[in-house]
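There are 4 protein chains.
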Amino acid sequence: MTPTHPTAPGFVEVVEIHGHIIDSLLLPKILDEILTRGGAFTIKDVHVGQRQEDPSHAHIEVRAPTAEKLRAILDAIHDHGAVPVEPKDCVITPADMDSAFPEGFYSTTNYRTQVRLNDEWVDVEDQEMDCGILVDAEGGAARCLPMTDVRVGDRIVVGRHGLRVFPADAAARQNLFEFMASPVSSEKPKGVTVREIAAAMRRTKEAGEKILAVLGPAVVHTGGRDYVARLIRGGFLDVLFAGNALATHDMELDLYGTSLGVSHQHGLPTEEGHEHHLRTINTVRRLGGVRQAVERGILKSGIMYECVKRKIPFLLAGSIRDDGPLPEVITDSLEAQRRMRELIHGVGFCLMVATMLHSIAVGNLLPAWVKVACVDINPATVTKLTDRGSVQTVGVVTDAEPFLRALTAELGL
Amino acid sequence: MTPTHPTAPGFVEVVEIHGHIIDSLLLPKILDEILTRGGAFTIKDVHVGQRQEDPSHAHIEVRAPTAEKLRAILDAIHDHGAVPVEPKDCVITPADMDSAFPEGFYSTTNYRTQVRLNDEWVDVEDQEMDCGILVDAEGGAARCLPMTDVRVGDRIVVGRHGLRVFPADAAARQNLFEFMASPVSSEKPKGVTVREIAAAMRRTKEAGEKILAVLGPAVVHTGGRDYVARLIRGGFLDVLFAGNALATHDMELDLYGTSLGVSHQHGLPTEEGHEHHLRTINTVRRLGGVRQAVERGILKSGIMYECVKRKIPFLLAGSIRDDGPLPEVITDSLEAQRRMRELIHGVGFCLMVATMLHSIAVGNLLPAWVKVACVDINPATVTKLTDRGSVQTVGVVTDAEPFLRALTAELGL
Amino acid sequence: MTPTHPTAPGFVEVVEIHGHIIDSLLLPKILDEILTRGGAFTIKDVHVGQRQEDPSHAHIEVRAPTAEKLRAILDAIHDHGAVPVEPKDCVITPADMDSAFPEGFYSTTNYRTQVRLNDEWVDVEDQEMDCGILVDAEGGAARCLPMTDVRVGDRIVVGRHGLRVFPADAAARQNLFEFMASPVSSEKPKGVTVREIAAAMRRTKEAGEKILAVLGPAVVHTGGRDYVARLIRGGFLDVLFAGNALATHDMELDLYGTSLGVSHQHGLPTEEGHEHHLRTINTVRRLGGVRQAVERGILKSGIMYECVKRKIPFLLAGSIRDDGPLPEVITDSLEAQRRMRELIHGVGFCLMVATMLHSIAVGNLLPAWVKVACVDINPATVTKLTDRGSVQTVGVVTDAEPFLRALTAELGL
Amino acid sequence: MTPTHPTAPGFVEVVEIHGHIIDSLLLPKILDEILTRGGAFTIKDVHVGQRQEDPSHAHIEVRAPTAEKLRAILDAIHDHGAVPVEPKDCVITPADMDSAFPEGFYSTTNYRTQVRLNDEWVDVEDQEMDCGILVDAEGGAARCLPMTDVRVGDRIVVGRHGLRVFPADAAARQNLFEFMASPVSSEKPKGVTVREIAAAMRRTKEAGEKILAVLGPAVVHTGGRDYVARLIRGGFLDVLFAGNALATHDMELDLYGTSLGVSHQHGLPTEEGHEHHLRTINTVRRLGGVRQAVERGILKSGIMYECVKRKIPFLLAGSIRDDGPLPEVITDSLEAQRRMRELIHGVGFCLMVATMLHSIAVGNLLPAWVKVACVDINPATVTKLTDRGSVQTVGVVTDAEPFLRALTAELGL
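Chains as they are written, first to last, in the numbering used here: chain H, 1254 to 1666; chain E, 1254 to 1666; chain F, 1254 to 1666; chain W, 1254 to 1666.
In short, the hints are calculated from the structure, not lab data. Incorrect hints may appear among the rest.
A pair holds if it fits inside one copy or across any two, identical chains being indistinguishable in the list.
[To be verified] Each computed SDA-like pair below joins lysine to any residue, with the alpha-carbon atoms no more than 20 Å apart:
{"#": "1", "residue 1": "K1463", "residue 2": "Q1545"}
{"#": "2", "residue 1": "K1322", "residue 2": "G1526"}
{"#": "3", "residue 1": "K1322", "residue 2": "E1525"}
{"#": "4", "residue 1": "K1322", "residue 2": "T1523"}
{"#": "5", "residue 1": "K1322", "residue 2": "T1295"}
{"#": "6", "residue 1": "K1297", "residue 2": "R1544"}
{"#": "7", "residue 1": "K1297", "residue 2": "H1310"}
{"#": "8", "residue 1": "K1322", "residue 2": "Y1509"}
{"#": "9", "residue 1": "K1341", "residue 2": "R1563"}
{"#": "10", "residue 1": "K1562", "residue 2": "R1290"}
{"#": "11", "residue 1": "K1341", "residue 2": "G1393"}
{"#": "12", "residue 1": "K1341", "residue 2": "R1413"}
{"#": "13", "residue 1": "K1463", "residue 2": "E1314"}
{"#": "14", "residue 1": "K1297", "residue 2": "H1312"}
{"#": "15", "residue 1": "K1564", "residue 2": "G1526"}
{"#": "16", "residue 1": "K1463", "residue 2": "G1550"}
Based on the sequences and whatever the hints tell you, model everything.
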């Protein structure tokens, strides 16, 4: 390997990178980053894994004209997993106020992350993007902490010293062309994708992990409600996240035979049908809630019914466009996020269907190693999810009901 | 009925309208038109049909301050089916040149139209929008004539005298709310729509009419090819219109297991797969055409294969984005339109899936009484078709493969 | 006018309708409704207004085979403005519990509505769809009441007796073809629409009414921030509704020169740019809020800056996808709705740009006579708003920044 | 550099790659390809360019268990620019029939390509994707040849021996993050993009190259016609490609003040407006063509008028959805492609606005080094163009009229 510019000035640090650095594009990204920021490099050595599964590693000498520039380069390439070969412990600063981080706090990604505490690399728990890292009082453990949960005195990691991230470490090596050549498109063979998602759901259950479904009201409007009910009865849905609309229209269909006033018998709007959802909410409020509506025998089928019957935890998050809402709806968004974080524990697969708001909200909370399938007829929703840049999300541009029908058939339900 | 303005000036003509003039919105449109153009009216009488099936009719006295304004009003309301109660024969002018109409030619709609010849109302044949009307030498028959087919001396109808159109006459009266409240949307119960389309296809076959399919390449890309093959084998597809791409990718899938280079086994692009479609075209050109490829045993399955085997006429229309193209492709658009017009005879139902160009082209040629189902995952395509304003088109925003799968299941194929 | 079926059975009620019943399609809707529900009718008289501005009215005798069917028909046509000629007072039932209506409650529309109290027609205040109607203790006034605001003993209107709605009464008569032929489309002349919106904004200010803007983050991402700032400085924006994202990215652009990490200098993502929004939120939280950031001189330009400087009330409504959020964000959706209702008073025009969630939320709260312009590059957002069925919403499918640039130019800002 | 598997069997060939092999992702793609196809490699050396502009190069020893597998690997990596270090001349086979290539023909890309003839690397002329390569009789020159132009005896290149492609050679090195992090999105700062396109247009003119515009009818419908006229008058448009619709609606606007019947004065459909386009076509056909319409003073402004006045060559390609069409429309798609190929010579920049069909057709014909800006309000159109995988295309999701207005302003027109 040729030194690239031996005369470059003296602020120098050697970094190393591990993993699938060639085909995951990490190495080119890092080299580009160094050059872009006015630095120079010498590739000391590159060990390229021979087979798909084998990791590679490389040592790169980074040089910059000033200490400040070197610092900036090291910060920039740190996100790509390049860490100094002689690491120091991470830097910790106590929070000086509630509900905000100290300036310079380290902002997390959704990738697996470790901090160096007492010369040991320690996994950060509750991995989640756009958080800070809280180190416990003993300095032996660390976890992601949302901004609003900060309390004065919390020990918060600042800067990038003593931190390393594993961008794609947990991911099986993907065929590169899959990665490169798979823009989100409706023009893909759908049968294959459904098979893959069904297989992933089976593997998740076999691994003893939970399947989370995040559903929008179009699941009901398009006629997909019974297929979701089958998923629940078949044991392929362990947690449900949705909004007021999904739950309301699901129950409207039970009580009135319509969703948003459109008859599922003949597909046409029914007169006064636009009132059905509000009357449904009112009825459920009068009964005290969804559970009571089931227990009292008023609600006899559908997604919410099955959740109550099978004791599937469901979380209904409120939004400003809600009518009513239903008693179970958590109208405070911070409280809803808190509850979602709790319910996410143990989830190994997440199926998002026909909801941009809830999909992005949940995507923000999930660590990168939880597989996600995002299904929407609108390519923009799918793109927004898959743009998050991880290999975890399979985007499917298709229609909710036909997708769910094919999925349940594939799962033998 | 109250005279609306008894003092209005003296240029007067009484018109009549027949049909579903209340619920098809014709009457309000006509009244609005008269007022907008500076005229006035008295509703002489309105007979409203009692039941959904009963037509209504009305006589309206139209008044305008000048003869010219009266003429303009009568022209304007003529398109809505309002005709003078004492009609005259239509006015005929010989074409003064090839391939263009005389100025003032009557421009056709896709609705059933009659011209008055020798004091008799005669149906216009080959009804098609955006044509002229040619009256034969004997003056006993009339038909729609495309602009390029005009020859010097052709007897062309000009103006609106002695003409009447039947905007919704052939259409069964629709529930008004269906008409009003059904914007194109993906959020509709899909099972209902599929059932209705299947029923319409069955009725078409029972009536001894033909089913025309207009298909885009996404039918193949999404994996819907086998379902189309089943429709053909099941006798539910009598004519196929498509382009070079649909036919090429259908055969690429047979020869290489890919469409546009994407494997239908694992859903990923194959290396060199982007060459498959060109090699497919080249191979078929070397064999002489699709028919020869089937006869020589090279092509063994798929849409084109079934068309050849079942002697289903297919028309492949060329476009400037074509590679190759295949030998059967008609590269001249006027010639393609001519052939499409021939093949449309006897068609009672048209199923359009996943192609904006071909769908609009065929929509332009079909008379308003041929039922159309337009299926596309892109709402814009569906909207463009349904905006044509007739009640004939059912728009379905959904994905090609799942739609075709559900349709064949519904048809028991 | 011919009696339609003189032999129809004896349950009879005469209703009247006023307004633009022909061209607003009310009459055909009502007749269709009667027939659809198994009734029959005789049109006793129809007085058609002669000019665009003149209202029409009609008396219709409705007959049905049973009293129950007659009731159902009268209920159905009531929404279209048909009321019995001999009205009774509305029926009032006391609420039997908090936060839910009595069964059978009247569910409101966003059209102007009157209730009959002590033989007088009284306007319902705070008109809003999907509410109930609360009558005050003295029985002299009525207003819309959201479900969650119900308290035991509240006097709630049930059924449809003694109620009338004015579907399009406040609206100037539209050219019918505008109504019929204007599907939401990107293919419309944009200059005309911008001129119309600018004119409507000028008229609103001249009338002493307020302009409400509802903005999504794409306003900032596309580069439209300075144009909004000009609207504020020019006095064309009196109230701002938005979410955490709009405010955050607006301030991120001030603090970092990026929005969502994309530089507005060169249009490319900046490294570590994805952290900018979180650091912006943290900084503002540390300062105590947006106002403090302006007062302390940290925030120097942009939408939020201008709001603080010009004392424009802004409401930031929370959602479950929020990071942070900013201190001013109202995280409880019911509380946010309450505040929106307060701020809506006096609004005469609402400009919605690039946000589906907030646009629909605000659309739900506005009475039908507040003009709305909904601007989005995604036709689905615009369609969802305009589908609400009122003539109040002008939908514009276009890009946020270019629209705002053209609008400010048109307003001379 | 570590040998990756020294025990791999003996079918070996050393290949070399030049260019921006790290940051253009060529090296990782090639290594992945070798592994995927069952081969093994040793990276003999890698010389990485130090600065953005510096090319890199590498030698890689490729090994495979069979000669056939080695051949397959070499074929596969050839497209990424990897060529054997000891090249042989390309293999030439005479065409055995008209209008089809011999089996095994080399299928071209749109990248710069060289063939080895008599031990010399010779540039392939008329570079175009999805063609074959024709070597002249003397064996000293080569050019791309469309399938239908093949004549018996033509000397056609088969296989990949003696061929090399330069995937991104002509392209200035891009910031990697631009490449990685720029999915097509409407949420980008639009001012920056317009500035860049204007600058590219200026540079093109300064370089003495031509600017090609490819325009769809929405340019006219949205009101962008005058801005295109300004581009022509300002010398920023040298060649125009469009279809019948763009030209017709442009002239309809001149003759009737409408496009597709919608008035550009008040933005509403005009009655009988739907006939305007057909009458426009008929009028122009009667005059003999667009040129005659200008010369006779009938046509007084607009895009077609300026083209005739400034002697800008325009090509109107026909399609099956055309009415008429206009006399200048080339109805045969192969003839249209031929004429487009001629007019493309000397084009250095291509601006595509609001047309998927024509944009893709032209994109198929352009070599990769011609810069393209593709502007459409529908992300799908932009994605289809940019997915072609070259760095040449800038996709802009925005509205036609506002884009053109901003572009002319930026160009000072």
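Results for each hint:
For a Cα distance limit of 20 Å, the shortest separation of K1463 from Q1545 qualifies neither inside one copy, at 26 Å, nor across copies, at 45 Å. Taking CA atoms no more than 20 Å apart as the test, K1322 paired with G1526 passes between copies only; the shortest distance there is 17 Å, against 65 Å inside one copy. With identical chains, the CA atoms of K1322 and E1525 are at most 20 Å apart between copies only, with a shortest distance of 15 Å across copies and 67 Å within one. In this assembly of identical chains, the alpha carbons of K1322 and T1523 lie at most 20 Å apart only when taken from different copies (16 Å versus 67 Å within one copy).
Taking the shortest Cα distances, K1322 and T1295 sit within 20 Å of each other inside one copy (17 Å), while across copies they are farther apart (35 Å). Taking the shortest Cα distances, K1297 and R1544 never come within 20 Å of each other, neither inside one copy (64 Å) nor across copies (52 Å). Taking the shortest alpha-carbon separations for K1297 and H1310, both the intra-copy value of 11 Å and the inter-copy value of 17 Å come in at or below 20 Å. Taking CA atoms no more than 20 Å apart as the test, K1322 paired with Y1509 passes between copies only; the shortest distance there is 19 Å, against 66 Å inside one copy.
Taking the shortest alpha-carbon separations for K1341 and R1563, neither the intra-copy value of 50 Å nor the inter-copy value of 50 Å comes in at or below 20 Å. Taking CA atoms no more than 20 Å apart as the test, K1562 paired with R1290 passes in neither setting, with 59 Å inside one copy and 38 Å between copies. In the homo-oligomer, the alpha carbons of K1341 and G1393 lie at most 20 Å apart inside one protomer (15 Å), although the nearest pairing across protomers, at 64 Å, exceeds that limit. Taking CA atoms no more than 20 Å apart as the test, K1341 paired with R1413 passes inside one copy only; the shortest distance there is 10 Å, against 53 Å between copies.
For a Cα distance limit of 20 Å, the shortest separation of K1463 from E1314 qualifies neither inside one copy, at 44 Å, nor across copies, at 46 Å. Taking the shortest alpha-carbon separations for K1297 and H1312, both the intra-copy value of 5 Å and the inter-copy value of 18 Å come in at or below 20 Å. In this assembly of identical chains, K1564 and G1526 lie within 20 Å of each other by CA distance neither inside one copy nor across copies; the values are 31 Å within and 43 Å between. In this homomeric assembly, K1463 and G1550 never come within 20 Å of each other (Cα to Cα): the closest approach is 29 Å inside a single copy and 49 Å across copies.
Violated hints for the displayed structure, listed by number in ascending order: 1, 6, 9, 10, 13, 15, 16.
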